[in-house]
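Enquirer: Sequence:
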Amino acid sequence: MIFGFNGQEIIACLLMGAGLVFLIGSMVGMLRLPDYYSRVHASGNSETLGTLLVFLGLMVFNGFSNVSAKIFIIAVFVFLGNPIGSHILAKAAYKTGHPVWTKKQAVQHELSTEPTSSIATAEEKEAQANADLHG
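The UniProt record's numbering puts the first residue of the sequence shown at 1, with every later residue one more than the last.
Hints listed in this document are in silico derivations from the structure and should not be mistaken for laboratory results.
Even for Gly, the Cβ is constructed at its ideal location relative to N, Cα and C.
Be careful, since some hints might not be right.
Label-pair restraints from in silico Cβ distances [said to hold, decoys possible]:
#1 Phe5 <-> Gly25: 25 to 35 Å
#2 Phe3 <-> Met30: 32 to 42 Å
#3 Ile24 <-> Ile84: 15 to 25 Å
#4 Ala18 <-> Val67: 48 to 58 Å
#5 Leu33 <-> Ile84: 16 to 26 Å
#6 Gln8 <-> Tyr36: 39 to 49 Å
Kindly produce the complete structure, drawing on both the sequences and the hints.
Expert: Okay, structure coming up:
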């Protein structure tokens, strides 16, 4: 017993805390990443792992019971369904022509927000961005 908690409760809290870290990372990715495909990738991967860790923590907390068996079944469906759903959404967006964020778009956005006094550096940045494009 540590601070009045038994080992099972401590392990459950650590697992759920680790899952929460991944879920917060997924949330930050959804807010900060530039395009749809990056956001789907962030939510698909980290959200799946975070949810599974939270479910595993709940299973440890409940012990070996019917509730843990139900949580395990839900975790299996999440483990199978979430990556498949993310892939289907990204593929549908690609087939419908949803634009992909490129470095050139980032430089153009930066050019539109810069003052006009730095034209020479802006042209250099645009030339560098065009050199980095694959297509």
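Enquirer: How does the Cβ-Cβ distance of Gln8 and Tyr36 compare with 39 to 49 Å: does it lie in that range?
Expert: holds (41 Å)
Enquirer: Honestly, do Ala18 and Val67 meet the 48 to 58 Å range at C-beta?
Expert: violated (21 Å)
Enquirer: Does the Cβ distance between Leu33 and Ile84 fall inside 16 to 26 Å?
Expert: holds (21 Å)
Enquirer: If I claimed the Cβ atoms of Phe5 and Gly25 lie 25 to 35 Å apart, would that claim hold in this structure?
Expert: holds (26 Å)
Enquirer: With 15 to 25 Å as the target window, see if Ile24 and Ile84 comply at their CB atoms.
Expert: Because 24 Å falls inside the window, the suggested range holds.
Enquirer: Please test the hint of 32 to 42 Å on the beta carbon pair from Phe3 and Met30.
Expert: Given a distance of about 35 Å, which is inside 32 to 42 Å, the answer is holds.
Going through the hint list in order, the structure does not satisfy hint 4, though it satisfies all others.
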